[in-house]
Structures are given as structure tokens and as C-alpha cells.
Amino acid sequence: DAGVTQSPTHLIKTRGQQVTLRCSPKSGHDTVSWYQQALGQGPQFIFQYYEEEERQRGNFPDRFSGHQFPNYSSELNVNALLLGDSALYLCASSFNTDTEAFFGQGTRLTVV
Amino acid sequence: GESVGLHLPTLSVQEGDNSIINCAYSNSASDYFIWYKQESGKGPQFIIDIRSNMDKRQGQRVTVLLNKTVKHLSLQIAATQPGDSAVYFCAEFLPNNNDMRFGAGTRLTVKP
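Same order as they appear, the protein sequences are chains A and B. For what it's worth, our numbering labels the leading residue of the first sequence as 1, then goes sequentially. For what it's worth, our numbering labels the leading residue of the second sequence as 1001, then goes sequentially.
Since the hints were derived computationally from the structure, they do not count as laboratory data. Heads up, a few of these hints could be off.
[Stated by the list, open to error] Calculated cross-link-like contacts (lysine to any residue; reagent style SDA-like; alpha-carbon spacing at most 20 Å):
| id | chain 1 | residue 1 | chain 2 | residue 2 |
| --- | --- | --- | --- | --- |
| 1 | A | Lys26 | B | Phe1046 |
| 2 | B | Lys1042 | A | Phe102 |
| 3 | B | Lys1056 | B | Asp1099 |
| 4 | B | Lys1042 | A | Thr5 |
| 5 | B | Lys1042 | A | Leu81 |
| 6 | B | Lys1042 | A | Tyr50 |
Quick caveat, the model's predicted, so the values are computed rather than measured.
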């Protein structure tokens, strides 16, 4: 049983560009949450998707958007990249209101 | 604002000793807490959780203690091993809230 998988593992983008990160949840999970983890910091909640809709959102600008597909996989899109968007982006999946979340290994995004 | 925090950014212990990692939270309404372990290059891994109606919970070699009076959470690791070296995060949930709030983390180093 595959756990949470994210792609790509590493990515380098130029300031101003747009990026799409992908996440496949753990089998049986229907809820996907995205987190941003800056170097030396704890993960910060971006948003959560359930039933293909954004259920809750953290304190992130509209440049950060997402999508959830019928198979529960999810994408995180970031527009107009800033140098400060460089971070590890983590995806976590869970089953509906279950609070135990399983994390993927993350996508390391570097903006130059 | 209220947030989750950690008392010490680093902790170094000898192999075989017990480790205690502390966490302070300031939101008295938080009703669920999780400890995560994050190794270099990996996503956070669930260790143990505790609900606010409990003050102690034990797992395999780990114990979480919750003191609601002083809003303090601790993770005890018995017979610490080199494989326990990682960054440990506590995270809190508010009732009816899908936003998991993480602290900055404590880096545990186990010396052989």
C-alpha cells in the first residue's frame, strides 16, 4: 500500500513563474492538506481539500490555489513566484474528519 | 496571537538515556495534540497523539504528557537510540478546525 506520494521531489523556478505540485493521497483517504515548511521552521497550513472543494484555508495569499480531482489526488498551484516561496511543500492525507494525517516526503521548491 | 511553541530548539542526549522534549501551547481551546518526527529529507511522521480529556498516553518507547493547567505538552522517549535523531514537532488542533498548527520544532541529537 503506497503512502502519500508527491511529485516532483525537487524543482527550481525563476521569480515570476508559476508552479504546479502534485499529491496522491494514501489509499482510502479522501482529504488532502497542503503545508509550506520554510527551512528551520514548522509546517504552515496552506489549505485543505475535501470532496473536490477547498474546505479550509490558512493565511496564504491568493497566489496559492489548489484543486482536488475525483480520485482524491490534488494539485497546489503557486503563481507569480517570489524568492520567499522557496520551501518544502508537504502534502498530508487523511480520511474526512479523522485528525491523523499522513505526510508525503515533500517537494523542495527553490525560486531563483 | 496564540501559537504553539517549543521550549528548546536543540537537545543532545547519550544513546540509552531517556529524552524529554517539551512544548508550550497558549490556546486553551485546543483539544487534540500530535507529536511528529521529521528526519532529514522526509515528511513528518506521526508518533503519538493525545486528546484534551487525557493527561497521559503511552506508545512503544514513547509517552506523551499533557498538563492543561499550564498548557504544556511533553514527549518522553525511553532508551533513546541513534535512529531517534530527528526534529520533533508538536501540533495542535482547535475544535471543529482542520488547521493543524505546528511549532518550530526541537532537534534531537543522539550521541553514541
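Original post:
Among the hints numbered above, which are violated by the structure, and what are their numbers in rising order?
Top reply: The structure breaks hints 3, 5 and 6; every other hint is satisfied.
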